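Chains as they are written, first to last, in our numbering: chain A, 1 to 126; chain B, 1 to 282.
In case anyone wonders, no lab produced these hints; they're calculated from the structure.
Hints are all accurate, no fakes.
Below are the SDA-like pairs computed for lysine to any residue, each with C-alpha atoms no more than 20 Å apart in a straight line:
{"#": "1", "chain 1": "A", "residue 1": "Lys66", "chain 2": "B", "residue 2": "Phe267"}
{"#": "2", "chain 1": "B", "residue 1": "Lys97", "chain 2": "A", "residue 2": "Leu32"}
{"#": "3", "chain 1": "A", "residue 1": "Lys69", "chain 2": "B", "residue 2": "Ser279"}
{"#": "4", "chain 1": "A", "residue 1": "Lys69", "chain 2": "B", "residue 2": "Arg281"}
{"#": "5", "chain 1": "B", "residue 1": "Lys179", "chain 2": "A", "residue 2": "Ala45"}
{"#": "6", "chain 1": "B", "residue 1": "Lys97", "chain 2": "A", "residue 2": "Pro43"}
This structure is a prediction, so every number in the text was calculated from the model and none was measured.
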Amino acid sequence: MLTTSQEPVLHRHPIRGAIWGLVMGFGVILLLMVLRIVPVMIPTAIIYAVVGGVVGILWGVFGPPKRPKGRAPRPYPASMEPQASAPLYEEVYPDKARPPASPPGEVPMPMEMGEDEDDADEESDA
Amino acid sequence: MKRWRNLLLAVGVFGLMAIAPFAAAGGSADEAVVDLFEFIPEQFRDDFEDRNDDGIPDLKEVPPEGIPGIWDDQFGEVDEDAFIAAVGSESFDTDDKGSSLTGPCKGVAISYDADGLSVDAMVDRGGPEPLLDIYGNQKMTRSNPLNVDTRGTLVYFGSSQPETFHDHRWFLKAEGVFKDDGGDPNPRDKNRNAGSVDFGSLLPFPFTALIVAEGAWVDGWGPDELPDMEVYPEPNCVGRGWVAFVGPNPWLTAPGILAMLFAAAGFTGVLFNARPALSWRE
Numbered sequence: 001m002l003t004t005s006q007e008p009v010l011h012r013h014p015i016r017g018a019i020w021g022l023v024m025g026f027g028v029i030l031l032l033m034v035l036r037i038v039p040v041m042i043p044t045a046i047i048y049a050v051v052g053g054v055v056g057i058l059w060g061v062f063g064p065p066k067r068p069k070g071r072a073p074r075p076y077p078a079s080m081e082p083q084a085s086a087p088l089y090e091e092v093y094p095d096k097a098r099p100p101a102s103p104p105g106e107v108p109m110p111m112e113m114g115e116d117e118d119d120a121d122e123e124s125d126a
Numbered sequence: 001m002k003r004w005r006n007l008l009l010a011v012g013v014f015g016l017m018a019i020a021p022f023a024a025a026g027g028s029a030d031e032a033v034v035d036l037f038e039f040i041p042e043q044f045r046d047d048f049e050d051r052n053d054d055g056i057p058d059l060k061e062v063p064p065e066g067i068p069g070i071w072d073d074q075f076g077e078v079d080e081d082a083f084i085a086a087v088g089s090e091s092f093d094t095d096d097k098g099s100s101l102t103g104p105c106k107g108v109a110i111s112y113d114a115d116g117l118s119v120d121a122m123v124d125r126g127g128p129e130p131l132l133d134i135y136g137n138q139k140m141t142r143s144n145p146l147n148v149d150t151r152g153t154l155v156y157f158g159s160s161q162p163e164t165f166h167d168h169r170w171f172l173k174a175e176g177v178f179k180d181d182g183g184d185p186n187p188r189d190k191n192r193n194a195g196s197v198d199f200g201s202l203l204p205f206p207f208t209a210l211i212v213a214e215g216a217w218v219d220g221w222g223p224d225e226l227p228d229m230e231v232y233p234e235p236n237c238v239g240r241g242w243v244a245f246v247g248p249n250p251w252l253t254a255p256g257i258l259a260m261l262f263a264a265a266g267f268t269g270v271l272f273n274a275r276p277a278l279s280w281r282e
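Build out the structure end to end from the sequences listed, making use of the hints.
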C-alpha cells in the first residue's frame with residue numbers, strides 16, 4: 001500500500017533501465033550496421049544490446065533523480081491533529097457518575113432536552 | 001529562443017541525414033587501367049555497353065542465371081535454427097581489413113543497379129596479385145569493398161583454368177546474412193562458368209549493410225558438404241573480402257526505419273522512464 005511521506009523517497013528503476021537499454025542498444029547497432037559503419041555480425045549485435053542493457057541499469061540506479069511531482073503533502077494543522085489520548089469522563093465531569101454502558105445491539109436514547117444542558121450551564125456559571 | 005534552437009537542431013539533423021549519403025558516395029577521379037571486356041567471354045560481349053562512361057560495361061540485357069551443379073543447395077535452410085547454425089561462424093575476423101583469393105580461380109564480377117547501369121566491379125587475374133578494381137587498387141577490402149546494389153544484379157564470369165576440378169564442393173557465406181553451397185561431379189570437364197544473381201527479385205526488400213564474405217572451392221571433395229576448415233585440401237580456391245550492400249538511402253529502408261524507431265524508443269525510455277525519481281509516496 002502506498003503511503004505519503006514528509007521527506008521525498010528515492011525510487012530506482014534497474015529493470016526498466018535494462019529493458020529500455022536493450023532496446024536502445026539493439027537500435028543503435030542496427031543503425032550502425034545499416035549505415036555500414038559496423039559490419040553485420042551476430043556477436044557484435046549481442047554485445048551492443050548487452051552493453052545498452054548495462055548502461056540502462058546503471059542509469060536506472062545511479063542516474064540523477066527526477067524531482068518529486070507537486071508539493072510535499074501538508075502536515076495536519078495543529079487543531080486537527082489527533083490528541084494522544086481522549087480525556088476521561090471523570091476528568092471532564094468530576095462530580096458526576098459515569099452513565100452505564102448500553103448493552104450491545106441496543107441503540108442509546110437521545111438525551112432529554114434541558115436536562116444535562118441546564119446542569120452544564122449551571123456549572124459553567126459557577 | 002528555445003524554439004529557434006530546437007528548429008535549428010532539427011534542420012541540422014535532417015541535413016546530416018539527407019546530405020551524408022550523397023557526400024559519402026562521391027565518385028573517384030582515377031583513370032581505369034583494367035579493361036573488363038577482356039574478361040567477358042566473346043559470346044557475351046554484345047550484351048554489354050558502357051553507357052555511363054565509368055569504364056565498367058553496362059548491361060543491355062540481364063544474362064541468365066548460371067547453371068546449377070548437381071550438388072548445389074537449391075532451397076537453403078528451412079528453419080531458423082538451421083539458418084543460424086549455417087551463417088554463424090567463429091571463422092570471421094573483422095580485424096582483418098584486407099581481402100584475398102588464393103588458388104587458380106580468376107574472373108570478374110560486375111554489379112548493376114535496377115536500371116542495368118554499373119555500380120562497381122572487381123577482377124582477379126589468377127596470379128599472385130590481389131583482387132583489383134578497374135583503377136588497379138586492391139578490391140574487397142574494408143576501405144574499398146565491392147559495392148552491390150540490393151535492387152540490382154551481379155554478373156560474374158569465372159574460371160579455374162588451367163585446372164579442372166572434379167567432384168568439387170564449394171560454399172559462400174557472410175555471417176548472419178546468407179550461406180550458399182553446392183558442387184558437381186563435373187563429368188564434362190567444365191572449368192569456367194558465367195551467370196548472374198538478381199538481388200532485386202531474390203531479396204524481400206532493399207537494404208544497406210557492410211559484410212565480410214568468405215568462400216572456398218575444393219577439388220575432389222565429393223558429395224558431402226564442405227565445412228569451415230583452417231586449411232583445405234589442394235587444389236582449391238579460398239577467398240575472403242568485404243562487400244557493401246548499397247542502393248537506397250539507408251534511412252529510408254525497412255531496417256533503417258526499424259533501427260531508428262528502436263534507438264529512439266530505447267533512448268527515450270532510458271532517459272525518461274528508467275531514471276531514478278524522488279516521490280512523496282513511499
